Each structure stands twice: as structure tokens, then as C-alpha cells.
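Participant: Assemble the whole structure, with the sequences as input and the hints as a guide.
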Amino acid sequence: MDVLPYTRQILSEPPSLYPAYTSTVSRSPRQPLVTIPQTLTEVTGPMAFGDRLFRPPVHDMTRQGKGEPLGERIIVSGRILDDRGRPVPSTVVEIWQCNAAGRYIHKKDQHDAPLDPNFTGQGRITTDEEGRYRFITIKPGAYPWRNHHNAWRPAHIHFSLLGRGFATRLITQMYFPGDPLIDIDPIACAVPPEARQRMVSRFDIDTTESGWALGYVYDIVLRGRNETPMENVK
Amino acid sequence: MSHIQKALTHGLTPWQTVGPFFHYALPWEGGNTLVGSDVSGEKIVLIGQVVDSDGAPIPDAMVEIWQADAGGYYHHPDDPRHAEIKDRDFIGFGRCPTDEEGFYRFETVRPGPVSGPGNSVQAPHIAIGLFGRGLLRRLVTRAYFPDSPLNEADPVLGLITPERVATVIASAEPPVDGIPVFRLDLRFQGDCETVFFDV
Ligand SMILES: [Fe+2]
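In order, the protein sequences belong to chains A and B.
So for the first sequence, our numbering puts the first residue at 1; every next one is plus one.
So for the second sequence, our numbering puts the first residue at 235; every next one is plus one.
Just so you know, these hints were derived from the structure itself, not from any lab.
Please read all numbers here as calculations on a predicted model, not as lab measurements.
In this text, a Cβ means the ideal position worked out from N, Cα and C, and glycines have one as well.
Treat the hints loosely; a few may be bogus.
Unchecked claim - Facing chain A, according to a computed beta carbon distance under 10 Å, are these residues of chain B, among others:
no., residue
1, H244
2, H257
3, K277
4, H309
5, H316
6, K320
7, F327
8, Q356
9, L369
10, L370
11, R376
12, V390
13, S405
As the list claims (entries may be wrong) - Footprint (simulated), chain B over chain A, 3 or more residues, beta carbon under 8 Å:
no., region
14, 12-21
15, 67-75
16, 87-97
17, 110-124
18, 157-168
19, 175-184
20, 196-202
Stated by the list, open to error - Label-pair ranges, simulated between beta-carbon atoms:
no., chain 1, residue 1, chain 2, residue 2, range
21, B, G392, A, P87, 22 to 28 Å
22, B, P408, A, Q31, 28 to 34 Å
23, A, K66, B, E276, 45 to 51 Å
24, B, E397, A, F203, 37 to 43 Å
Facilitator: Shown next as C-alpha cells:
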């Protein structure tokens, strides 16, 4: 059977090999990718199966310890949409980040910055019927890495999305507006400038809660597809 | 550029690497066990080692799989046979971080054949997504089974140059506790570099 394929759009994607991000040199294919048609395998995929797939939901990442984590409390919210602007409802959004000092709670993170006993930096929820999600967290710090001399990652939150099918999977990073590190970061710069801006959240006064926390809006756009097969063959 | 792409109102959010620090967030207890005790079909184990272009194991990668059940049904409303699914407990999705030696491991069932483009039939296969530090975007491949007569006419295998087809066909390893073990390494190296797909 023929299936309705999802958008094939690679112009805005980072290449697998981007030598300025040195780890890509030994971790990228030497042979070109083999293009295959999307089949039932690629258009189906893990949708929201609730607790059978994932751990319990966490939307307030400032309530995971005995006390409140240190740092600047923020609200991060937005919508998961497809490239026709339609919401992606009931899809899993998983996020993770370092603490306000720039340290991950991870045994391999050797950055000389303090851990925060009240912050694990991970959350997961499913979107509502309009594709909306909302997290309460702490603004992550910038952190150094060993890619090149004096290398620093811009403050970021990692996002993992499933979408409707295997083909719609996306892992990305959310950056903060006005961060001077973005345009000198090899990971962000692997994406062409115009598309790079899509990974930068925007400050939003309406999301901001008076006397409590700044709000940032970050909409994510996944591959979409047409409603009817006829449109595809024209 | 087709009219379809022009019609897009929203630019796609680009990929970024999963990085080295996903372990607290993404894997979950039992995420690499797709089967319960009463699953229908033949239980199997799928393992493999992820190896970089220098031949070194990659200990901080993550592998996801997606597959049909033993009857060839995808647990998804876009499978036209979805309403007929008998094995409601089998979802077909798994996630596993690689260990210190770069190995992933899933306990699952051997999937049935599924429909392919046109009137074709796809040989039993497991879709694989590979993520990791140094991988700016997911790499996609498939694991096929060495003993399937359907491989010969599989529409996706037919798109691969013959000398590289072997890189997506798992090898049969000695069974463990009577359960067949299949192995598919994921390699960025030399003549045996894994075929990765653009889907
Ligand atoms: Fe990070």
C-alpha cells in the first residue's frame, strides 16, 4: 500500500559531518545516506502511550527536591505544530538541562560548578489538544566544553519530541534570546542562520507571571503531511 | 521546489545533538524490554555494538527501535489493519542507551512482514534510530533477519547497492536461554559502514 509521506525537508538541517563540532568527525557516515520511500514503518510510530512508555510526568522541575533549586525561576511554554501550522496533540515532550550554575546531574559531567541537590533538570509531559506544553524550571547556565579552546555552550534546554510517526522524531535544543554565545557555538552554527533562529525562544510578557517568574515561548515545528494522497501526486 | 513545500507556513525546527547528558531524562526502566511474558510470537533479543570511524565503541549513544508485532501490525491508527490488532500489550517501541562497550540490547519479538509501496511486501524488519554526542541528527537504519526468504524481494533492500546490503542484515548469534539472539552493529567505518537511510 502507498502511504501519505511526511515532508522531506533537509535544507534547514545540520549535516552529519560538521568539523567545527569535532566529535562529528569520527561519528558521521562516510557514505551518502540512501534515500528510501516512506512506508508504513516510517509513517507509524510511538504516539502517546502514557505511563507504559515513560516515567510519571514532571512539569514543575522546581518541585523535585526537598527545597527549591537555586537560580532564576522561568516558565517555558509553547506549542508543538506541524509544518502546516496544525497542532500535534497528545505527543510526548521530554526535556533536560543543566542547573543554574551550568552543571548537569550526570556522572560524566566534570565541569567545576556546584550541583544543586534540589534540581535534577529533567521533565516530561504530553501536549494538550491544541499541542500546548508548559514547564516550570530554572534558567540553565552556560557551560564550558572541550571542543576547542575557550569553548562555551550557550544556555540551552534539550527537547525530545516523538510526533505522530517514526519519521517525525525530533531532538533539538532551545536557546535564549540575545545570547552572544549562540553564533559562535559549533552545535548551533551547524544549522544555517535562518533556521538557527527557529531554535531561539522568545521572551513573552504574557507568559511571565507577575512577581514570580519570567516566561519564554518556544514553538516547535515537526514534519507534517498532506490530508489527501491526491495532493501528493500532482 | 514543489507546491507542497511552498504551502508550508512554518519552517521546521532543526535537529540538534542529543549530547552526552541525556541519561537522566530519556531512558526509562524497562525501556529496552518490549515484551511481557504473554506476548504472542517468537521472542528474540536484538543486540549490537555502536562503533565510530576509528573502530572505537561509542559508550554514550542511544538507540531507539520501532517495529510491527508478530502478526505484522503496527500499533498505530495509520495502520489500516489497526482495528484487528490482537496483541494490545505490544507497542513496538524501545529505547536503550549504549553501555560502556558501546552495546545496545532489546528484548522483543520477531516482527511479521508488513505492506510496502504499491503491492510490495516488506520483509520482517526493525527500524532503528541512532542518537549520540557528535551526531547532529538522528541516523536511521533497519535490522533485517538473515533467514527470511522475503529479503530477496524487499523494496527497501532493493535500493541498496548489493555489496552493502549485508550491513543491515542482523547475524544469528548463539541463543540465550533458548531465545534467538540477533546482532546488528552500527558502524561508521570502512567497508562495513552501516547503510543509513534518508527517510
Ligand atoms: Fe547540553
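Participant: Hint check: is the beta carbon of H257(B) less than 10 Å from a beta carbon of chain A?
Facilitator: holds (6 Å)
Participant: Tell me whether the statement that chain B covers the region 110-124 of chain A is true, taking a Cβ distance below 8 Å and needing three residues at minimum.
Facilitator: Since three or more residues must qualify, the claim that chain B covers the region 110-124 of chain A holds, with 5 doing so at under 8 Å.
Participant: Identify whether the interface hint at S405(B) stands, where standing means a beta carbon of chain A within less than 10 Å of its own.
Facilitator: S405(B) check fails; min Cβ-Cβ to chain A is 20 Å, beyond 10 Å.
Participant: Just tell me: holds or violated, for the beta carbon distance of G392(B) and P87(A) against 22 to 28 Å?
Facilitator: violated (38 Å)
Participant: Mind checking, does the region 87-97 of chain A have 3 or more residues with a CB under 8 Å from chain B?
Facilitator: holds (count 3)
Participant: For the restraint on R376(B), tell me whether the closest CB of chain A is nearer than 10 Å.
Facilitator: Holds, because the Cβ-Cβ distance from R376(B) to chain A comes to roughly 8 Å (cut-off 10 Å).
Participant: With 10 Å as the cut and Cβ atoms as the points, is K320(B) at the interface with chain A?
Facilitator: Nearest chain A Cβ about 17 Å off; hint violated.
Participant: Tell me if the interface restraint on F327(B) is satisfied: Cβ within less than 10 Å of some Cβ in chain A.
Facilitator: Holds, because the Cβ-Cβ distance from F327(B) to chain A comes to roughly 4 Å (cut-off 10 Å).
Participant: Using a Cβ cutoff of 8 Å, are there at least 3 residues of the region 157-168 of chain A near chain B, or does the coverage claim fail?
Facilitator: Our answer is that it holds, as 6 residues pass the Cβ test (under 8 Å) against chain B, meeting three.
Participant: Hint check: is the beta carbon of V390(B) less than 10 Å from a beta carbon of chain A?
Facilitator: With Cβ-Cβ at 5 Å, under 10 Å, it holds.
Participant: Should the hint that H309(B) touches chain A count as held when the rule is a Cβ pair under 10 Å?
Facilitator: holds (8 Å)
Participant: Closer than 8 Å Cβ to Cβ for three or more residues is the test here. Does the region 196-202 of chain A pass it with chain B?
Facilitator: holds (count 3)
Checked against the numbered hints above, the structure breaks hints 3, 6, 13, 15, 19, 21, 24 and satisfies the rest.
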